[in-house]
Amino acid sequence: MHTPAGIQATETQDLMNASRPHIQIKDLNVTIEGKRILKNINLSIPNNSITSIIGPSGCGKTTLLKTLNRLVDDTKGLEISGSVLVNGEDLYADGAEVIHIRKKMGLLSQKPFPLPMSIFDNVAYGPRIHGEKNKRVLAQLVETQLRNVGLWEEVKDRLDASATRLSIGQQQRLCLARGLAVKPEIILGDESTSALDPVSTQTIENLLIELKQDYTIVLVTHILRQARRVSDYIIFVYDGEIIEFGKTDEILLNPKQEITQQYVKGFIS
Amino acid sequence: MSNVNKRLFKEKIAKVAMQVSGITITGSLFFIIGTILYKGIPYLSWDIISQVPKGGFYMGKEGGILNAILGSLYLATSSTILATLLGVPISVFLNVYVKSGSFLERSCKLLFDVLFGIPSIVYGAIAFSIMVWVGIRASLLGGIITITLLTIPIVVRTIDELLRTIPIDLKHVTFSLGATRWETAKICLKYIKPGVFTAILLAFGRAIGDVAGVLLTTGFSDNLPKYIDEPAATLPLAIFFQLSSPIPEVQGRAYASALVLTFIILVIVICTHLLASKQRKHKI
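So the protein sequences, as listed, match chains B and G. Residue 203 is where the first sequence starts when you use this note's numbering, and the numbers rise one by one after that. Residue 22 is where the second sequence starts when you use this note's numbering, and the numbers rise one by one after that.
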């Protein structure tokens, strides 16, 4: 039985959750050059957790991810309907400010892609374009974010070196630090470990698990074992439709739909 | 012939074809440079590069081609700068601002391809008729405008090809950090910086070597180019006039002039490469 204080605590928790980003997708349809890529997507992505989008190649998982920060905008022959709400704000409403939307979401892409500049400037790039000019603040920010991703000790003596000199695993952590430096609320990962070796993959996965306390994380992955290791929730997409959405164990151990079962067991890929 | 032998035979043919074309091209290049050196060096003197033509220069008397050297440098440098300033924004617009594959993008690129292929005499003729219409006489300014128009398509198409090699991921990185298109464009330009120097070099090469475009619009003068609204001499025209002479002395000076022109281009090429290699520090 709840005491009044207990009820109050739960309500406060709810309010806190409500103040964190909450992604809601309503009746989203995406057509590219006449081909329907996403069909009637309705979703509510939980806060402060890792949600993995899984499904066979070409099922629309990456498109789904990229509709969240409107990176699909420049796609040729794109038609989009429905809405994506982040904290109640519709990203696809008329006059929605795309820069503001994208700043809220850090993207960790398939392959690390350092900008053609030094390690320091890579992390400082985001804050700089958003108006931070104070050198001390920038230096502090760069250090904090590089520490966050466990890269500081490895690079602190060569911050001026080109970011491309880092190993691929270090580059991916640098990209994560760069994304975190603009203080996003959501982290989007598009098969972020597919180019990495097992050790770097584990580092990134552990980082993401740590980060979910402060961020809402959505990952696209084609590795079921990874989805099992890191995610709290799984979305199974097949042929542009959401077949199932639920807690990781439910989807992987007890899928309700026949097609999910087949995918989880490896009959389709 | 077995399958493996057939493939090896094809490999051999391809290799021989490449060697033949390589030798032909290198051979012709050495032949051209050799001819210029052989025929030009005896006539190359300090006088020829430090003096303007004196009376009877084209009849084999004293003087030099300083007027043409300076004219060409002014003309090529100004038009290359202008073409870069006008051309780079066009390429950036087409690659970063316009949706890929859109009608606007495709039609603009087609237009620049056509402009790229138009012979320079046509540019010269059109610029000349406009100059007559607005009442400008043949002058350095007329030449600069014509050569700028001639070199813009070179800059646009070269930079465009470079921008197209940029992986879409780079744009996604900057966009996802909340960058505007202009901020993204700046990163794209940084990424292709070494290549931009090549584009500028191509434009400069075309500008300094063009004859037909300047023939009608820049005119020719034996004086040093002092004012932008006066006719100016250019090296290719100077070479042309001297080569047309029946006097061996004057013809020899034409080769010496060609040597000067080649030397200028060589210096520019070396400078460009040095600048470009300095920019490769952060190349991905």
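Since the hints were derived computationally from the structure, they do not count as laboratory data. Treat each hint with caution, since some may be false.
As the list claims (entries may be wrong) - Here are the simulated lysine-lysine pairs, DSSO-like style, with alpha carbons at most 27 Å apart:
| no. | chain 1 | residue 1 | chain 2 | residue 2 |
| --- | --- | --- | --- | --- |
| 1 | B | Lys358 | B | Lys313 |
| 2 | G | Lys36 | B | Lys385 |
| 3 | G | Lys211 | B | Lys313 |
| 4 | G | Lys60 | B | Lys278 |
| 5 | G | Lys120 | G | Lys60 |
| 6 | G | Lys82 | B | Lys306 |
| 7 | B | Lys237 | G | Lys211 |
| 8 | G | Lys120 | B | Lys313 |
| 9 | G | Lys120 | B | Lys306 |
| 10 | G | Lys82 | B | Lys337 |
| 11 | B | Lys337 | G | Lys247 |
| 12 | B | Lys358 | G | Lys211 |
| 13 | G | Lys60 | G | Lys82 |
| 14 | B | Lys467 | B | Lys449 |
| 15 | B | Lys306 | G | Lys130 |
| 16 | B | Lys335 | G | Lys120 |
| 17 | G | Lys130 | B | Lys278 |
| 18 | B | Lys337 | G | Lys207 |
For the pair supplied as a hint, Lys237(B) and Lys211(G), confirm whether the alpha-carbon distance does not exceed 27 Å.
Measuring from Cα to Cα gives roughly 36 Å; hence the hint is violated.
Given pair status - Lys120(G), Lys335(B), alpha carbons within 27 Å
Judged against 27 Å, a Cα distance of about 32 Å means the pair is violated.
Given pair status - Lys211(G), Lys358(B), alpha carbons within 27 Å:
It holds: about 25 Å lies between the C-alpha atoms, which stays within 27 Å.
Is the hinted pair Lys120(G) and Lys60(G) satisfied, with a Cα-Cα distance of at most 27 Å?
violated, 54 Å
Taking only the CA atoms, is the gap from Lys120(G) to Lys313(B) under or equal to 27 Å?
holds, 24 Å
Just to be careful, I want the Cα atoms of Lys82(G) and Lys337(B) compared with a cutoff of 27 Å; is the pair within it?
The given pair, whose Cα atoms are some 67 Å apart, is violated under the 27 Å limit.
Checking one constraint from the list: CA of Lys120(G) to CA of Lys306(B), max 27 Å. Satisfied?
holds, 24 Å
Holds or violated: are the alpha carbons of Lys337(B) and Lys207(G) at most 27 Å from each other?
holds, 21 Å
Verify the proposed pairing of Lys60(G) with Lys278(B), using a straight-line Cα cut of 27 Å.
violated, 58 Å
Are Lys337(B) and Lys247(G) close enough, with their CA atoms no more than 27 Å apart?
violated, 48 Å
Is the Cα-Cα distance between Lys467(B) and Lys449(B) 27 Å or less?
Judged against 27 Å, a Cα distance of about 17 Å means the pair holds.
Straight-line Cα separation of Lys306(B) and Lys130(G) no greater than 27 Å?
The given pair, whose Cα atoms are some 36 Å apart, is violated under the 27 Å limit.
Violated hints, listed in ascending order, are 2, 4, 5, 6, 7, 10, 11, 15, 16; each of the other numbered hints is respected by the structure.
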